[in-house]
Amino acid sequence: MSVEELQKSLEDIKWDTDASIKKKQIEELENHDESSQDVDAGDLKFGDVLSEMQSIEDIYFDDDIKIHLPHSEKKAKGKHKVKGTPDPSVPASDVPCSGCGATLHCQDPILPGYLPNEKFKCLTREEMRTSFCQRCFLINVHNMFLDVQVSAETYPQILKEIRTTRALVVVVIDLFDMKNSVFKDLFKYIGRKPLFIVGNKVDIIPQDRPGYLQRTKEALLDVCESAGLNPADRNVLHVCMVSAKTGYGIENLITKLMTAWKLEGHVYVVGSTNVGKSTLFNALLMSDYCKAVARGFINRATVSVWPGTTLNLLKFPIMNPASWRLMLRAKRLAKDETRFRDEEAVRKSRLSDKGSFRAAILTGHLGLTDFRSAQKIAEDEAEAERYTSGQQVVSFAQATDGSVEEISGQHRLGSGPKGPGYQPERFNMHWCHDTPGVVNPEQVINLLEPEELATVLPRSLVQPQCVVVKPGQVLFVTGMGRIDFVEGNKSIYLTAHVAQPVKLHVKDKEEADEFYCDNLGTSTLGVPLGDAERLSKIPSLVGREFQITGVDWDTAAADIQLSSIGWVAVTAGRGMAVTVRAYTPGGRGVHLRSPALLPSYAYFRGKRRGKTPYYRVQTPKLF
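Heads up: the sequence shown is residues 1 to 623, going by UniProt numbering.
Bear in mind the hints are in silico, worked out from the structure with no lab data behind them. Heads up, the beta-carbon is just placed ideally off N, CA and C, and yes, glycines get one too. Mixed in with the good hints, there may be bad ones.
[Stated by the list, open to error] Lysine-lysine pairs mimicking BS3-like chemistry, simulated, CA-CA at most 25 Å apart:
hint: 1; residue 1: K507; residue 2: K490
hint: 2; residue 1: K607; residue 2: K507
hint: 3; residue 1: K217; residue 2: K348
[To be verified] Computed Cβ-Cβ distance ranges for the label pairs, DEER-style:
hint: 4; residue 1: F371; residue 2: I13; range: 33 to 43 Å
hint: 5; residue 1: K14; residue 2: G265; range: 33 to 43 Å
hint: 6; residue 1: P156; residue 2: K14; range: 32 to 42 Å
With the hints as constraints, model all of the structure from the sequences given.
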C-alpha cells in the first residue's frame, strides 16, 4: 500500500468514526424527546419520511419507472421550507449521487450534489454510495423541484470522455418536439461517432391513418439530417421509435444494440432536457442489456417531469452478448411476444368497446432472460424451497465484545447484494452511460415552473383539438402560443396537438390583444401563471410569418410547431393560399413542417359544438 492509499484509508476511518458518533448523538436526542416534531430535515435519513413534508401531496407523472424510496402519506396540502444548512468548510466527497451522478457535498445548495451538512456529516463512506442528493430526493419522493446551476463550461468537460474513446452514442429525441429537442452541434463535442437515433414518447403520438409510424420515422430522420447528425450518410447506424415509459420498442432496441454494436466500445445516452433520456437509461438498466450481477447494485437515474434531472454521468456494465445468450434471449422474446400479443388484443378490445383513448396507446413488454443453466435453475429452486418450507431463517453473530446479535435472513431471500457492496472495479468491461440533458434555448419548458410544466407536457396519448378559424381571427394555445390567421379567402381548420389540460381560445382580431392582457397569468390561459413579477421573467411573444398552400379539406397541409407546447396542423382547400403568423415567447422554437406529420386530421375531429368554432374530440380509430 502506498503512502497516499494509507493516508486515504486513515481519512476514511476518521470520517466514518465521526459520522457514527454524530449519528449516535442524534439518535439519543431523538429518543430523549420522541414527542418533539421539530427535527431538522438534514438530521433524518433520506429513506425516512420527513415530518414537515407529510403535508405535501404526492403527484407522479412517470409512474412506470421511479427510484424506489418510501413515499409520504397524503395529507392536507401545505408549504414546506427545505431545512438544513451548508458548511463550506467541509471538503466535498468523491462519491456520486445515486440519482443524478453529481458528487455529494454540503458546501453550497446551489451546486449539484448538495446535501445539508447535518445529513452529510452523518453518512459513512459506504452509506454515501447509496445516498441521494437533496434535489433527487425531493423530486422523487415529494415531487418538489430545487433549481441548481451547472456552468456552460461544465458540460463539455463531462462529455469530453466520449471524444477520446471508442463509443456508440444513442441520441434521444422527443417525438412531440423533434426539431427543438434534437442535439445540434453534437459532433462538436464528441467527434464523428456512430449514432443510434431513438425517437422517444411514441406512445403520445395519436394515430391518424395506417402508416403514421413510418411517416413519423421519416420526419425524425429528416430532422436529424438537417441538424447535421448524418454528414457522411454513414454516421447513423440505426433509427427507431420507442416509448421508454410503456416499453414499446425497447426490446427491439436492445436486440439491435447487442447485434449491431455488440461490445465494440462504451455506449453514451445523450439528448436535450426532458426527452426521456433517464427513463430510457432506467429501462436499459433493468433489461438484458445490463450485466445481471450489477442490477442489484446500481440505483436508477432520477426520473421526473422536471427538465434536467440528470446532472452527471451514471453508468451500468453492458452484458456480453455471446451467441448462446442471444439464442436464449430470442427464445424468451418469441414466447413473450405470443403471450403479450394475446393480452394486448384483449386489452384493446375491452378499451375500444368503452370508447377509451387508452386503446390507441402503444405499449410493449420489457422482460428479463434467465441465462442460468437448467441445472443451476434446479439447484437454486431446491435451495429456495429448503429455506422457505415451514421454517424461519435465523442465524446469530457474535461481536468482538461478546454480545450476540440475531440475523434473520427471511426478508433477504431472493434479493441480491445492494448498495454499499457495489464495487465498480469488479466490472472490467464496457459501460452504458447516462449523461446530463442539454438545455436547448428553443424549448420554452426551460422558462416554466413545475406546476406549469404539468399543464403543457403530455403525460399520455395526445388528443388533438380542432377549431375552425375565419380570416383575421386569432387562436391562443395557452399564454405562450398564438396563431393569427393573417390572410386567406375562406375559413381554415386548425388542429392543435397539445396536452389534454391545454384549453384553446379563438378570438376576433379586435378583441385578441385585450383578451390576452386581461387573462395572462390566470387559469383562463393556464400558462404562465402568477403575478407581474413572475410574468416579467417570460419574454414577450414574438411572431414568425408563414405561407401555406392547401392540399384539400380532408388533409392538413403543414404543421406549425409552437416549441415545447405542441404543434398546430393547418388545413385549407386545394391550392388555397394561406398566411399565418405564429408567436411564442421570444419567438422560441417556432417552425413550419411540411407536409404535416398527421395529415388526416378528420380522424380527430368530432361534432361541432353548436355555432362555436370548437369541435368535440373524436375517439381515435385503431389500425
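Status of each hint after checking the structure:
{"no.": "1", "hint": "K507 with K490", "verdict": "17 Å, holds"}
{"no.": "2", "hint": "K607 with K507", "verdict": "20 Å, holds"}
{"no.": "3", "hint": "K217 with K348", "verdict": "24 Å, holds"}
{"no.": "4", "hint": "F371 with I13: 33 to 43 Å", "verdict": "39 Å, holds"}
{"no.": "5", "hint": "K14 with G265: 33 to 43 Å", "verdict": "40 Å, holds"}
{"no.": "6", "hint": "P156 with K14: 32 to 42 Å", "verdict": "36 Å, holds"}
Comparing the model with each earlier hint shows no violations; every hint is respected.
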